[in-house]
Amino acid sequence: MGDASTSLAQPPLAVIAPARRRRFSFDRYFVALTVLPTFVVMVAIFGLPLLFSFYLSFTGWSPNQALLGGAYVGLDNYADLFADPVFVGSLGITFGYTAAAVSAQLAAGLGIALLLNVDLPYMRAFRTALVIPMMITPIVGALCWKLLLDPSHGVVNYWLGQKIIWLGQPDTAMLAVWVVNVWHSTPYVSLILLAGLRSLPSEPREAAAIDGASRWQMFIHITLPLLKPYLLVALLLRTIFEFRAFDNIYAMTGGGPANATMVLSMFTYLASFVRFDFALGAAASWMMLLMSMLICLFFIAVIRRRDAN
Amino acid sequence: MAIVVGSQRTRWLSRALVYGALIVLTVVFLFPLLWVLGLSFKTRMQTFANPPLFLWWPTFENYIDVFGRSDFGLAFLNTLIVSGSAVGLSLCVGVPAAYAFARFPFRGRSFLFFALLVMRMLPPIAVLVPMYVLFSKLGLTTTRFSVVLAYSTFALPLVVWIMRGFFEDLPAELEESAWIDGASRFTAFRLIVLPLAKPGMVAASILCLQLAWNDFLFAAVLTNNASQTLPVKMMTFSAGDSGVDWGGVTASGMLVILPVIIFSFLAQRHLVAGLSSGAVKG
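From first to last, the protein sequence lines are chains A and B.
Per this note's numbering: the first sequence = residues 1 to 309.
Per this note's numbering: the second sequence = residues 1001 to 1282.
Incorrect hints may have been included.
[Said to hold, decoys possible] With beta-carbon atoms standing in for the labels, derived distance ranges:
hint, chain 1, residue 1, chain 2, residue 2, range
1, B, S1014, A, S103, 44 to 54 angstroms
2, B, G1243, A, F82, 32 to 42 angstroms
3, B, W1012, A, P204, 42 to 52 angstroms
4, B, L1017, A, S199, 18 to 28 angstroms
5, A, T172, B, P1051, 45 to 55 angstroms
6, B, L1258, A, I165, 49 to 59 angstroms
Hints are computed from structural coordinates only; laboratory data are not their basis.
Backbone N, C-alpha and C fix where the C-beta goes; we use that ideal spot for every residue, glycine too.
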């Protein structure tokens, strides 16, 4: 590493000596000068806040106290969290919601990508139309659905001929939030998988076709294994994004009814910005940080192992 | 012969099935948006008509009403300023760093790069809680500057990721020959590399602009009436004193998503690269 960096950081030998001395200092610090601003911004907007929230989570800080004026309370905030049935419930809800949303997105996204990968006239129009939901501002998409699901004036109830209070009952509220999520994020998965499908080599399929493999056999034994890296990336990204789900839940249910859609982000938001218990919010957000780090590390390990093989 | 006829028939059948499935999917995926677009052109009476109207004479009153509120224009301006500044800041700070990441091995490079990845992956609410407390003690909450800083937590990693990939794909010979001709690292970067990197910078800015435009959480917490952004403003139409303002929600919603759909089509080529942030590579 040392050798490589010195050989690259110094100007080539061909440069004449006097000129080299004049701008030597600037070039020598080129890497430092270019990377430093990013480093400073990262520390200021990311490192320091996270350290501060780590500190907050061990104090009984309240908003009228000085920044570092909270009394040390040890693990009390964490103990409070795990004694709170709403928080413990939100762990299950978050993982269940993430799993249900991501698996539906992957299944639907794969199906759509396979359809869009067929070479037929007008395919471009379908490819364009089917990415639109993911471009919609999430909060706007969720509010649109809220109007569609309106108990008395919504078009969904009109078609069903019933007056279901979709967002007012625990089961249907969860279902509604999940449907909106799948609607919004499936195009994201299908876009990644379509890019994957288009980049696959055609030779293995041609060879299999000559050997008389059926379409289903080709899909299971050739396309899917080749598509695996793309499926993994989609799985990783969607898991991370659904784990932090907030916008559609905030707009549609606010975590209710009876905490049925209380995901971790919503819990942390309510603790911090509605009840102004920032110490508890900090503890909850550190639990979220640790869990999302674990998810990331798990996927990185999976990807590393795949690359090693 | 029979086989040929059979296979031709199955080909037609499979084509019809593919088109049929795609048409159904397109209808399902676009219906919510189109229905709300329709609602935004209905009067109050038409919105609540039972059975719902599928054909009506469109009215622009909801749009006129939304534009007539001075705070809607302000929210539009705020969104533009805040998203634009966040993208500008991230480009100024992130592009040189991305170049260094792509070209020069240095100590701590992989650690820093990993930290940037983590920054993109961690839940925003976890950063927002301490950020709000720190900003309120510094007197920064409710300012647009606080939102710009908050948006940089996702814009900066995205810029560095995309631009690093872009610089890695640029041939190094051009700068190397400039160095041999006596140009300093900075001169070569400014005069040779940056002009070549323009397409990458455009793609990165559009993707960041899209994320910033769509943000709700940061802006909802860090702004007040004077500095609120469009998605936050739009939410107030849904939670007013007199219940949901259907005209306001639908018309403002369509106005919020129109620009972002336009940017997205501009950046469609780059969407996949940005979404997967280089994770597919290698």
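Hint-by-hint comparison with the structure:
no.	hint	result
1	S1014/B with S103/A: 44 to 54 angstroms	27 angstroms, violated
2	G1243/B with F82/A: 32 to 42 angstroms	38 angstroms, holds
3	W1012/B with P204/A: 42 to 52 angstroms	27 angstroms, violated
4	L1017/B with S199/A: 18 to 28 angstroms	25 angstroms, holds
5	T172/A with P1051/B: 45 to 55 angstroms	23 angstroms, violated
6	L1258/B with I165/A: 49 to 59 angstroms	32 angstroms, violated
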